[in-house]
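*Asks:* These are the residues of each chain, in order.
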Amino acid sequence: MTYLYYPGCSLRSTGRAYEESLLTVFRALEIPLKELDDWNCCGATSYVSIDETDAFALAARNLALAEAQSSDGSVQLIAPCSACYLVLSKTERYLEDYPDVNAKINAALDRAGLRYHGKVDVRHPLDVLVNDFGLEKIAKRIKHPLTGLEVACYYGCQTVRPFATYDHPQYPETMDKIVKVLGAEPIDWPLKTRCCGGSLTGTIQEAGLRLNRALLKEAKGRDADLVATCCPLCQHNLECYQPRINRMYDEDIDIPVAYFTQLMGIALGCDERELGMHRLMKKPSLKHIMHPKGASANAW
Amino acid sequence: MSLPTPPAVQSDDGASIESMKQVVRRIKFESELDLEFGERVAAKAYGQKLLSCIQCGTCSATCPLSHYMDYTPRKIIAMTREGFREEVLNSLTIWLCSSCYACQVQCPRQIHITDVMYALKREAISLGFYPRRLPIPVLAREFFKRVLKDGRNTESWLLISLYLRTNPFRMLKEAMLGLRLFVRGRLTVGRERVRRRDQLRAILTPGRPKNGGLVK
Chain H
12 MTYLYYPGCS LRSTGRAYEE SLLTVFRALE IPLKELDDWN CCGATSYVSI
62 DETDAFALAA RNLALAEAQS SDGSVQLIAP CSACYLVLSK TERYLEDYPD
112 VNAKINAALD RAGLRYHGKV DVRHPLDVLV NDFGLEKIAK RIKHPLTGLE
162 VACYYGCQTV RPFATYDHPQ YPETMDKIVK VLGAEPIDWP LKTRCCGGSL
212 TGTIQEAGLR LNRALLKEAK GRDADLVATC CPLCQHNLEC YQPRINRMYD
262 EDIDIPVAYF TQLMGIALGC DERELGMHRL MKKPSLKHIM HPKGASANAW
Chain Y
360 MSLPTPPAVQ SDDGASIESM KQVVRRIKFE SELDLEFGER VAAKAYGQKL
410 LSCIQCGTCS ATCPLSHYMD YTPRKIIAMT REGFREEVLN SLTIWLCSSC
460 YACQVQCPRQ IHITDVMYAL KREAISLGFY PRRLPIPVLA REFFKRVLKD
510 GRNTESWLLI SLYLRTNPFR MLKEAMLGLR LFVRGRLTVG RERVRRRDQL
560 RAILTPGRPK NGGLVK
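Residue numbers (the numbering used here), protein chains in the order written: chain H, 12 to 311; chain Y, 360 to 575.
If you are wondering where the hints come from, they were derived from the structure by calculation, not from laboratory data.
Think of the CB as a built atom: it goes at the ideal place given N, C-alpha and C, for glycine as much as any other residue.
One thing to keep in mind: the hints can contain errors.
Derived DSS-like pairs (lysine-lysine); straight-line CA-CA distance at most 27 angstroms [claimed, not checked]: (1) K508/Y x K115/H; (2) K115/H x K504/Y; (3) K231/H x K294/H; (4) K293/H x K228/H; (5) K408/Y x K115/H; (6) K294/H x K532/Y; (7) K188/H x K115/H; (8) K532/Y x K228/H; (9) K115/H x K403/Y; (10) K504/Y x K293/H; (11) K188/H x K228/H; (12) K45/H x K532/Y.
Here are some of the chain Y residues that sit facing chain H, going by a computed Cβ distance under 8 angstroms [said to hold, decoys possible]: (13) A402; (14) S425; (15) Y460; (16) V464; (17) Y477; (18) I484; (19) Y489; (20) V506; (21) K508; (22) L536; (23) L538; (24) R550; (25) E551.
These stretches of chain Y come out as covered by chain H in the derived footprint (C-beta under 8 angstroms, 3 or more residues) [claimed, not checked]: (26) 392 to 399; (27) 408 to 415; (28) 431 to 441; (29) 496 to 502; (30) 553 to 565.
For reference, chain Y alone in the conformation it holds in the complex (with noise of 0.2 angstroms):
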């Protein structure tokens, strides 16, 4: 999967304009915004701490993977909460954090971004806002899915499913790895499970589907 180019940049006659190629000019209207996302959001992610953030940027700095980001987490903290939901649950940025907790303990008014950063993960996977075939919901699914039905994880059997659905051309160029984890026992056929897989089913929220209640 290639990571995204930012979008070429063309002035009002068409011809693009090779100083400008990195800015986007967007007008999004007030009334265009989700006001109260941000509350939301907030309100997902303990705490009204995420809208006295100082936009200082510290997160930004801190994360290993921002430069990968379309927006980094500060931009993102912004948004969210000034209320631009489609562009912050279509963004990669909640996709690619991958929840090291670098920016939270460094933030100067202890936001807690990673929780953030799962908040918007939740909405975007509940309201369908992801790329199709970007493999980081569908590892999310096909995990949960898995431990329902097990109580455990097994390695290699969640792979396969997520090539499966994501990219099946990647069990080929991975199909070596795992022959030389498989010969030093590092990949297990077996399924490993939990006895009392009742004690799960009745943990997880009534009313909740076997599959979860994911649609896909």
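Just chain H, with the same shape it has in the complex (with noise of 0.2 angstroms):
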């Protein structure tokens, strides 16, 4: 089965790293990934705070593109943008819940000579890694266990809820497995799904900041190396503005924040580059991962 990849604007700009991290874990796992051609952007909370009709239509073209490029009986469409898997499993959802919706949008839909049937999947690749292809198989295939490195794993809102069923709303764990899998040490930490502020942090940034304050001191105070996530507006909120909160607080947050997908990579063996290293603002210290014996020392 190939898995239909939908990137969303973010992986192509502020959250690069994630994109490439993701692309190069899925090729080390030799899980098959194919671009959904001519993606269009979800729309993420803005659309829809100007007109839901057309909010639900455009997500919904992505939907229906995917159905047309898929020969499968059930299209598995992975979007790993946090906004982007609520918005495209939000327009999944309530097609198939509200008759009147579903009838509004393939309306507006077949205006552009498109047609959604219900097929499509939409998954997050926390699901995806963990409940297709498991995590004894990540587990076979670790190069350098990340042992000792302690993470805060954060899942931020949007991926664990409303729409989500493969993990806790509140609570979730998937990503604190992967993590396990990895030899490194998932720290228990209460505000994994507490919300970073998403795009307040630029509109109302003083109420942003300190949402991401609060995230990041209790991260600290835990003692984590790293915080680790799986969103790219997450990543962003909660590493370039440590100075500013630090200055505006007076704290002393120097925490790394990088994709779980990079910290797969590195214990695959992955290229540095090749996973996006080289875009964070603070490289996180590895060096206490064990290398194994002959494994070049430089790599880490």
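Got two chains here, separate frames each, mind docking them using the hints?
*Replies:* Structure below.
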């Protein structure tokens, strides 16, 4: 089975390292991935504040394209960005649950010569890696276990609720399980799904920064070596505003924030550049990773 | 942008009363309310569940942003139901909601609270009910326009147009961060576009003008 891949706009700019590391890891695990041809923006939380029908219709174009581009009975569409994942799954769900929405949206798609039959399954990479591929198979391919690395797994909000069914909406564990398989230690922290504020850091910055400060302080207080994320906006917020948070609230926070796929890539022995590690503001210190005999020391 | 402070309250003779600082006393007569407002919003936010809210306050307790809001989510629901249209649409609450859905998964009545907030945002934008230069509705509008035009959104251009329209000085403040992102290849200059932009235009509600029907 081939997965269709929906990158979304962020993975082409601020979140490039997420795309690079995701594709590298899927290649290393030999999971076939094909980019959805001519995808359009999902609309995030913005279109729907203007016009709901148009918002659903534009998101549904991606679902219709996915259906047309796949020969499988049920189409598996991977959306790594939280906002894309949420919007696409919400569209899929509402088209199924509300016949009036379905009629309106299919009428809109029809004007563009498209049709959606309800065959797409929107999936998050965490879900695919754990529930389709399997942790045992990941474990077998680990070359550099991340022993001793304490990781705060941060899921953010929209990957786990309200439409995801693969994990718990408040206290998910999928990423923790992956991190554990990599040989690292997921720390217990209660804020793993507390919102980072999303685009508030660009609009009402004070409110946004306070949310990030709470998350970072908690991770630091629990001695995490790094925060692992699965969303480009969370990564951006938690990483890029640390200096500003330190200045504004007199804090001393300096903690690397990486994508979970980057950690996977390191453990799988992938090339650092192919994982986009050079794009991080602060590279995680991985000195305590035990190198197996014969492995090149300069890799890490 | 600074967050609002509760209005100071004065007694009848004009002297401020320390102990009443947080209390805003105002009488609104039923004839001034929009009694269908609640039902209208409920219809736009998937079902009549909004009207069955038991006012338990779980949403306000769960919301990570409720302490920055002028009215907590629970109050917004109560006020919407009772028809306090202007107060609700003028509130900062609806713009602070970051769509994290924490309240929605906890709500014992399964009210689609995030959809309620979206319905209120749409109502406020279409009626022009938001503070001038508040960046959030501007962001929504710029985002929408950009996507209608290109089918994809290029973050760097989106932010530049947002700051130009709300607070140009903000651009200077963000310049350093922009540079740090740029040297790491995280800010793209080229615009991403979809090939079949004709499909996008066809999908949109007929009669919607090119700019998405947005006046400002």
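*Asks:* With reference to the structure, classify each hint as holding or not holding.
*Replies:* Going through the hints against the structure:
1. Of the pairs offered as hints, the one joining K508/Y and K115/H holds, with about 22 angstroms between alpha carbons and a cut-off of 27 angstroms not exceeded.
2. The suggested pairing of K115/H with K504/Y holds, with an alpha-carbon distance near 22 angstroms, which does not exceed 27 angstroms.
3. In summary, the hint linking K231/H to K294/H is supported, as the alpha carbons are separated by about 16 angstroms, within the 27 angstroms threshold.
4. Of the supplied pair hints, the one linking K293/H and K228/H holds, its CA atoms being roughly 17 angstroms apart against a limit of 27 angstroms.
5. About 22 angstroms separates the Cα atoms of K408/Y and K115/H, which keeps this hinted pair within 27 angstroms; it holds.
6. Taken as a hint, the K294/H and K532/Y pair is honoured in the structure, with Cα atoms around 24 angstroms apart against an allowance of 27 angstroms.
7. Under the criterion of a C-alpha separation no larger than 27 angstroms, the hint pairing K188/H with K115/H is inconsistent with the structure, at around 41 angstroms.
8. The suggested pairing of K532/Y with K228/H holds, with an alpha-carbon distance near 24 angstroms, which does not exceed 27 angstroms.
9. Between K115/H and K403/Y, the direct Cα distance comes to roughly 14 angstroms. Compliance with the 27 angstroms bound is thereby established for this hinted pair.
10. For the suggested pair K504/Y and K293/H, the alpha carbons sit about 35 angstroms apart, so the restraint of at most 27 angstroms is broken.
11. Taken as a hint, the K188/H and K228/H pair is honoured in the structure, with Cα atoms around 23 angstroms apart against an allowance of 27 angstroms.
12. For the hint pairing K45/H with K532/Y, the CA-to-CA distance comes to about 40 angstroms; that exceeds 27 angstroms, so the pair is violated.
13. About 11 angstroms separates the beta-carbon of A402/Y from the nearest beta-carbon of chain H, more than 8 angstroms, and the hint is not met.
14. Checking S425/Y against chain H: minimum C-beta separation of about 11 angstroms lies over 8 angstroms; hint violated.
15. This hint holds: Y460/Y has a C-beta 5 angstroms from the nearest C-beta of chain H, less than the 8 angstroms allowed.
16. Nearest Cβ of chain H to the Cβ of V464/Y: about 5 angstroms, under the 8 angstroms cut. The hint holds.
17. For Y477/Y, the interface hint holds, the least distance from its beta-carbon to any beta-carbon of chain H being 5 angstroms, beneath 8 angstroms.
18. Because the smallest distance between the Cβ of I484/Y and any Cβ of chain H comes to about 6 angstroms, under 8 angstroms, the interface hint for this residue holds.
19. Among the interface hints, the one on Y489/Y is violated; its C-beta lies about 11 angstroms from the nearest C-beta in chain H, farther than the 8 angstroms criterion.
20. The closest approach between the C-beta of V506/Y and any C-beta of chain H is roughly 5 angstroms, which is under the 8 angstroms cut-off, so the hint is satisfied.
21. Against a cut-off of 8 angstroms between C-beta atoms, the interface hint on K508/Y is violated, since the closest Cβ of chain H lies about 11 angstroms away.
22. The beta carbon of L536/Y is positioned within 8 angstroms of a beta carbon in chain H (closest approach about 6 angstroms), and the interface hint is therefore held.
23. A hinted interface residue such as L538/Y counts as satisfied when its beta carbon comes closer than 8 angstroms to some beta carbon of chain H; here the least separation is about 12 angstroms, so the hint is violated.
24. Residue-level restraint check for R550/Y is violated (minimum Cβ-Cβ distance to chain H is 11 angstroms; threshold 8 angstroms).
25. The interface hint given for E551/Y is met, as the beta carbon of that residue sits about 6 angstroms from the closest beta carbon of chain H, less than 8 angstroms.
26. Residues of the region 392 to 399 of chain Y with a Cβ under 8 angstroms from some Cβ of chain H number 0, which does not satisfy the need for three, so the listed coverage is violated.
27. For a cut-off of 8 angstroms, the count of residues in the region 408 to 415 of chain Y with a CB near a CB of chain H stands at 0, and the three-residue condition is violated.
28. Beta-carbon proximity to chain H at under 8 angstroms applies to 0 residues in the region 431 to 441 of chain Y; the threshold of 3 is not reached and the given coverage is violated.
29. Chain H is given as covering the region 496 to 502 of chain Y, and this holds because 5 residues of the stretch bring a CB closer than 8 angstroms to a CB of that chain, at least three being needed.
30. For the region 553 to 565 of chain Y, the stated coverage by chain H is satisfied: 11 residues place a CB nearer than 8 angstroms to a CB of that chain, which reaches the threshold of 3.
Going through the hint list in order, the structure does not satisfy hints 7, 10, 12, 13, 14, 19, 21, 23, 24, 26, 27 and 28.
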